[in-house]
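Undergrad: Residue strings, one per chain:
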Amino acid sequence: MNGAGPIARLIDEFSRLPGIGPKTAQRLAFFVLNEPPEMAGGLARALLDAREKIHRCQVCCDLTDTNPCNICRSPKRHSDLLCVVEQPRDVVAIEKSRGFKGFYHVLHGAISPMSGIGPNDLTVRQLMERLLNNNFKEVILATNPNVEGDATALYLARLINPSGIKVTRLAHGLSVGASLEYADGITLSKSFEGRQEIISSRS
Amino acid sequence: MREYLVDAIILKSVRARDADRIITLYTKQHGKKRVMAHGVDRAVSKKRGSVQPFSYSKLLLRRGREIDSIDQGEPIEIFQDLRQSLEGLATASYLAELVDNFTSEDDPDPVVFNLLLDAFTVLKGDCSEVLSWAFELKLLSQVGYCPCLEECVFCDQPVKGDKVFFLPEQGGVVCNNCKTAEVPAILISLGSLESLKALMRWETRMLHQIRIGMSAGREIQAMIRAFTEYHLEKKMKSCNFIDLLK
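From first to last, the protein sequence lines stand for chains D and X. Sequential numbering from 1 applies to the first sequence in the working numbering. Sequential numbering from 1001 applies to the second sequence in the working numbering.
Be careful, since some hints might not be right.
DSS-like mimics (lysine-lysine), calculated; alpha carbons at most 25 Å apart, straight line [unchecked claim]:
{"#": "1", "chain 1": "X", "residue 1": "Lys1197", "chain 2": "X", "residue 2": "Lys1163"}
{"#": "2", "chain 1": "D", "residue 1": "Lys190", "chain 2": "X", "residue 2": "Lys1124"}
{"#": "3", "chain 1": "X", "residue 1": "Lys1058", "chain 2": "D", "residue 2": "Lys190"}
{"#": "4", "chain 1": "D", "residue 1": "Lys53", "chain 2": "D", "residue 2": "Lys23"}
{"#": "5", "chain 1": "X", "residue 1": "Lys1237", "chain 2": "X", "residue 2": "Lys1124"}
{"#": "6", "chain 1": "X", "residue 1": "Lys1046", "chain 2": "X", "residue 2": "Lys1028"}
{"#": "7", "chain 1": "D", "residue 1": "Lys76", "chain 2": "D", "residue 2": "Lys166"}
{"#": "8", "chain 1": "D", "residue 1": "Lys190", "chain 2": "X", "residue 2": "Lys1237"}
{"#": "9", "chain 1": "X", "residue 1": "Lys1160", "chain 2": "X", "residue 2": "Lys1197"}
The hints are simulated quantities; they were obtained by calculation from the structure and are not laboratory data.
Chain X on its own, in the form it takes in the complex:
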C-alpha cells in the first residue's frame, strides 16, 4: 500500500521550496516522521489546517522515494488554549523541541505520544512551567535517562540533610559525604527534591494542583536544564525565548 493513515501531533513546520513545507510529526503508529506537505502555504490548500504546529491530526501519508508526503489531513484537536497565551506557545515549542531532539525517526513509542498529547491538552499559560518540568522528567525517563532521586548515586544510601547535590553527569543525587569539590554539582533543597519526585509521579492532568515556590522553582529549573543539556550536548533553542518571558 502506498498510502497509510497516521494519528500525528505536529512538532515543527519548516518552509521548503515554493509553497511546500517539511513537517515534523510524532505519530502514534510510526514515531517521529519528517514528511513533505505540498502546496500547503497556498490560500486554497485544504491540508493547511491539519499541519499547523501543536495540533493533533489524522493524516493520510503517501510513501515517496526519499520522503513521504501528506495526501490528506483532518485536524482532530487544535489545542486552542495553548495558542492564546505567549507562555503556552513558548512551552509548546519547548516540549515539541524536546520530543524532536530525544526521539529518532520510525521508532514508535505510545508512552511518548500520550505524554505529549496529554501535555498539549492541559497546557495553558498559568501552569506551563510545572507542566514543562514534569514533561521533561517523564520524557527523559522514558527514553532511558531516568534521574536517580531516591538514593545517593555513589553510596546507594538514602540522601539525608537539608541540602543535596545533583550531578548531571552521574544522572542523580549525591549525599553530602560523597560530594567532592571537583565534580560540578547543582545544590537542591530536600523540599525541591520531594517536588521533583512528585512531578515524575503525578499524572499530567493533576499537575495544576502542584504549587512550587520561587526558590524551589529556580533550583528545579537549573537541575532539569543541566540534566537535559548534558544528554543533548547542546542548549535548547526555545530556552532563550522562555527565559525572556520571565
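Pulled out of the complex, with its shape left as it was, chain D reads as follows:
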C-alpha cells in the first residue's frame, strides 16, 4: 500500500480521534471504502456541518446550533434554578434523567491546580455575569465528585455566597442498586454525611 496515498491519509486522520488506535483506524478506513460512495459523502457532510454550525450558546455556554440554545429559550423551565456542570455531556446526562427542569451553565472544564487549569480557563466570568443579571434563587453545583470537581465547587461557592444566592451541591454516596459490602470508605463516609431523615407516612 502506498504510505502517502489517500488510504494512508484516511487511516492517519481516523487514528487522531480519541480511543482509536492504528488497527481500529485501518478497520474504519476500509469500512468506509467498502460502503457505497454516498455513505462517505454523508459522513463528510455531517462532520463539516457539525463543525461549522455548532458553537457555544451565548447564555449557558453549552454546545448548540441555535443561539440561544433550546433550553435557554424554553419558557417552561424554572427560571430560579441554575445547574452548573463541567462539560456539555453532563447536560445530556442530566436531561436524560428528567429530574431537573431549571437552566444550565457549562464551565467547559474543572479547576485543576496541578494541571495549571484555573478559573480563568473556564466560563466562570460568564457565570458570574449571568447570576448578576438574572434572578436565580438557587445554584446547584453539579461538578464531578473528585478532587477537581471539589476544588471547582468550593471556589464557585466562595464567589457566589456573598450574593445571597443559595448554593447547593449534588449529593455524594451510594449509587442506586449498590451493595454496602462493596462500597469504598470515601463513598460510605460521604453517604453518612449526606444521610436523610425518613418520615413514615402512617405516623
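Based on the hints, put chain X in the right spot on chain D.
TA: Showing chain X alone in chain D's frame:
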C-alpha cells in the same frame, strides 16, 4: 511474583483511554511509581475510592511489560479535613506536585514518604501556608538542596544585622559585606530567617503553633519560591491557583 503490595499516597490522576487512568503514587516500598488503573472511571469500579488523589491506600500492583497496573486497592486514610477547604486542596496539590517533581521513579525514601503523610494528616485550611513552607524546606533538604541559613555562603561567618540576603543560586544567605550588586538576591529580615530555621526544625504536627506575620510571610514565600524554581528550572503549576486565593 507478578503481584506486589504497596502502601501508597496518591499524588496525581490523569485520564487515559476510555475509563482508565494513569495514577502517580508515592509508595513506601518503591518510591514514586506511575501505574495504570483500568476501568476506574466506571461507576461499578471497586478501585475508585482507593486511587483518589491525596489519599493513603494499600494497593496490590501487578507487574506489566511497560507499566504496572492496580489489581486491588483499599483506602487507609482519605484525609477528609484537607478536602473540605479550598486552601487545603490547593496546598495538597502543591505538595503533591513538589514530590512529583523532586523525586524519581523507583527510588524509595521513607523520610519523604513520612513527610508527605504527616503533612496530609495535619493539613487543614487555616495553617496551610506555614505547613507548605515547612514541607518545601524539609523536602528540598532531603533531596539534597538544604539551604544554608546559619552562616554566610561566601565568608562562612555567622550573619549579623537586621537584614540578610538569600541567594537562590548559592543556596544560602549572604551577609551585607559579601553581597554584591550584580547577583540577584532576596532581602529577608533576621526575624524571617529565624522563622525559616524554626520551620525546618519543628515537627509537622507542631507547626500550627508557629505564627508568622504578613511581611515576614511575604519574605519567606519569595525566598522559598525562588529557591524551588531555581532548582526545578520552571514554575510550579499549582502556584497560580494558590496566588489567586490570597
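Undergrad: Indicate, hint by hint, whether the structure satisfies it.
TA: Consistency of the hints with the structure:
1. Lys1197(X) with Lys1163(X): Given pair Lys1197(X), Lys1163(X) holds - Cα atoms ~15 Å apart, limit 25 Å.
2. Lys190(D) with Lys1124(X): holds (18 Å)
3. Lys1058(X) with Lys190(D): Roughly 20 Å between the alpha carbons, so the hint for Lys1058(X) and Lys190(D) holds.
4. Lys53(D) with Lys23(D): Answer violated: Lys53(D) to Lys23(D) is near 31 Å, above 25 Å.
5. Lys1237(X) with Lys1124(X): holds (21 Å)
6. Lys1046(X) with Lys1028(X): Holds - the C-alpha atoms of Lys1028(X) and Lys1046(X) are around 23 Å apart, at most 25 Å.
7. Lys76(D) with Lys166(D): holds (22 Å)
8. Lys190(D) with Lys1237(X): The hint is violated at about 30 Å.
9. Lys1160(X) with Lys1197(X): Measuring from Cα to Cα gives roughly 15 Å; hence the hint holds.
This entry does not satisfy hints 4 and 8, going by the numbered hints stated previously.
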